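Engineer: Given chain A, work out where chain B should sit, using these hints.
Taken in order, these protein sequences are the chains called A and B.
Take the first sequence: its position 152, counted from the start at 1, is 152 in our numbering, and no numbers get skipped.
Take the second sequence: its position 77, counted from the start at 1, is 77 in our numbering, and no numbers get skipped.
Hints in this document: simulated from the structure, not taken from any laboratory.
Check before you lean on any hint, since a few could be wrong.
Said to hold, decoys possible - Just some of the chain B residues that point at chain A, by a computed CB distance under 8 Å: (1) A4; (2) P21; (3) S45; (4) Q46; (5) K94.
To be verified - Anything over 10 Å on all C-beta distances counts as not near chain B; from chain A, calculated: (6) S22; (7) D24; (8) P118; (9) L154; (10) E155; (11) A196; (12) A224; (13) D240; (14) A243; (15) Y247.
Note that this is a predicted model, so its numbers are computed, not measured.
Ideal Cβ placement from N, Cα and C applies to all residues, glycine included.
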Amino acid sequence: MYPFTYHRPASLDDARARLAASEDGRPLAGGMSLIPTMRFRLSSCSDLVDLNAIDGLAGIERHEGGIRIGAMTRHAAVEASAEVREAIPALAALAGSIGDVQVRNRGTIGGSICFADPAADYPAGILGLGASVNTDRRSIAADDFFTGLYETALEDGELVVSVDFPVPERAGWAKFGNQASRFAVVAVMVSLAGGAVRLAVTGAKSHVFRVPEMEAALAADFSAEALEGIAVASEGLNEDLHADAAYRAHLVGVMAKRAVRAALAP
Amino acid sequence: MAEASVTLTVNGREVSATVDPRTLLVHFLREQLQLTGTHVGCDTSQCGACTVHLDGRAVKSCALLAVQLEGADVTTIEGVGGPDEMHPMQTAFKENHGLQCGFCTPGMVMKGIDIANRHAAPDEATIRRELEGNLCRCTGYHNIVESIAAGAREMSG
Numbered sequence: 001m002y003p004f005t006y007h008r009p010a011s012l013d014d015a016r017a018r019l020a021a022s023e024d025g026r027p028l029a030g031g032m033s034l035i036p037t038m039r040f041r042l043s044s045c046s047d048l049v050d051l052n053a054i055d056g057l058a059g060i061e062r063h064e065g066g067i068r069i070g071a072m073t074r075h076a077a078v079e080a081s082a083e084v085r086e087a088i089p090a091l092a093a094l095a096g097s098i099g100d101v102q103v104r105n106r107g108t109i110g111g112s113i114c115f116a117d118p119a120a121d122y123p124a125g126i127l128g129l130g131a132s133v134n135t136d137r138r139s140i141a142a143d144d145f146f147t148g149l150y151e152t153a154l155e156d157g158e159l160v161v162s163v164d165f166p167v168p169e170r171a172g173w174a175k176f177g178n179q180a181s182r183f184a185v186v187a188v189m190v191s192l193a194g195g196a197v198r199l200a201v202t203g204a205k206s207h208v209f210r211v212p213e214m215e216a217a218l219a220a221d222f223s224a225e226a227l228e229g230i231a232v233a234s235e236g237l238n239e240d241l242h243a244d245a246a247y248r249a250h251l252v253g254v255m256a257k258r259a260v261r262a263a264l265a266p
Numbered sequence: 001m002a003e004a005s006v007t008l009t010v011n012g013r014e015v016s017a018t019v020d021p022r023t024l025l026v027h028f029l030r031e032q033l034q035l036t037g038t039h040v041g042c043d044t045s046q047c048g049a050c051t052v053h054l055d056g057r058a059v060k061s062c063a064l065l066a067v068q069l070e071g072a073d074v075t076t077i078e079g080v081g082g083p084d085e086m087h088p089m090q091t092a093f094k095e096n097h098g099l100q101c102g103f104c105t106p107g108m109v110m111k112g113i114d115i116a117n118r119h120a121a122p123d124e125a126t127i128r129r130e131l132e133g134n135l136c137r138c139t140g141y142h143n144i145v146e147s148i149a150a151g152a153r154e155m156s157g
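So here's chain A without its partners, still in its complex pose (with noise of 0.2 Å):
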């Protein structure tokens, strides 16, 4: 690892200030995915601003409108939660899917978004479900929350505090996910919500997306069979050792089909 100074804020307003007072700062949310990367040298910054030990930015609320869920938050905590199962059962099982028990305990949803890795799984959960998400200045629609690899609408030194789930009629979520590092090779979210239907895809490009075909074809008719000929094209998709893009553009369609199926099991 790159030398950095460790910062352990009580409050946002502290970590604002530490942030904004150094040179290139990163705040430091579960470190599942940030710590790694600092350890290979693949990342580094001037001033880590650990969020760990702020109150009130963990917790799963259920309101009127929907679910709304602390920056926090860890997986486990959404995976278990009874307020999210019964509301979102495929949001559950979503934070059940993420890497292993020991990841799931320590990793959050707020630090899984704003690393924004192009295989991670809560940003289909995000996208799928038409989450927003809330920072310490405004909230982002999901559709306009990622935006590249790694990448997101987020300003410098702007804070993810939480995150509102809208709760959908039918939701369902299906993962291939890669069997040693369990993040996805392809996974799907699917929901339908007042006859929209939305559906996003991470793994298979440099960052989540929807597919629009798909999505008015279920419209129209909320089954796997509706999909069916619905064919992603494999230019622009990921490459890797893992898969390649036109076996990549094959599990989209598996996995979409499997998403639909999960969202209309009993």
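Structural biologist: Same frame as chain A, now just chain B:
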């Protein structure tokens, strides 16, 4: 960069130390506290050999900085039992031949205890799913799964 101080509880004992902020928890345990039962298996945060309990939950000590653990309660394999007084999960690994070379075993035992803490009578499918974050290169997992099932039975009984 400035050194930082940290005070935490390790295996029931309060420990205060000065660390380079870059020090991973696993290196702090092994090199500063001489608790070498916690192993470094992969260096890529995938193998689970470095699993310890942080405030009662299994975590990978290679993906945490020691300096982050102010006030935390950490338990390592040395804290659960030793040759004279083994933890039921350690006994279960011994009796069910749950190890061959033994390198992954500290992480497996810590993970097994974590599984038993959350599942009173875990079935095979549960144990196998829960073990996704712990890799073993020799046993094929069969006897590890048996060991954890037996250890969990003993712990709940």
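Engineer: So, for every hint listed, does it hold in this structure?
Structural biologist: Going through the hints against the structure:
1. Taking 8 Å as the C-beta contact cut-off toward chain A, the hint placing B:A4 at the interface holds, the least distance being around 5 Å.
2. For B:P21, the interface hint holds, the least distance from its beta-carbon to any beta-carbon of chain A being 4 Å, beneath 8 Å.
3. Among the interface hints, the one on B:S45 holds; its C-beta lies about 5 Å from the nearest C-beta in chain A, closer than the 8 Å criterion.
4. Taken as an interface hint, B:Q46 checks out: its beta carbon lies about 6 Å from the nearest beta carbon of chain A, inside 8 Å.
5. Proximity of B:K94 to chain A is violated relative to the hint, the smallest CB-CB distance being about 24 Å (cut-off 8 Å).
6. With a minimum CB-CB distance of about 12 Å to chain B, A:S22 clears the 10 Å threshold, and the non-interface call stands.
7. Chain B leaves A:D24 outside its interface by the beta-carbon criterion, the shortest separation being 13 Å against a cut-off of 10 Å.
8. Listed as a non-interface residue, A:P118 keeps its Cβ farther than 10 Å from every Cβ of chain B; the least gap is roughly 18 Å.
9. Residue-level check passed: A:L154 sits 23 Å from the nearest beta carbon of chain B, beyond 10 Å.
10. No beta-carbon of chain B comes within 10 Å of the beta-carbon of A:E155; the shortest separation is about 26 Å.
11. Look at A:A196: its CB is around 34 Å from the nearest CB on chain B, clear of 10 Å, so calling it non-interface holds up.
12. The claim that A:A224 lies off the interface holds: its Cβ sits roughly 25 Å from the closest Cβ of chain B, which is beyond the 10 Å cut-off.
13. Consistency note on A:D240: stated as away from chain B, and its beta-carbon is indeed over 10 Å from all of that chain's, at 16 Å minimum.
14. No beta-carbon of chain B is positioned within 10 Å of the beta-carbon of A:A243; the least distance is around 18 Å.
15. The beta carbon of A:Y247 sits about 23 Å from the closest Cβ of chain B, which is more than 10 Å, so the claim that it is off the interface holds.
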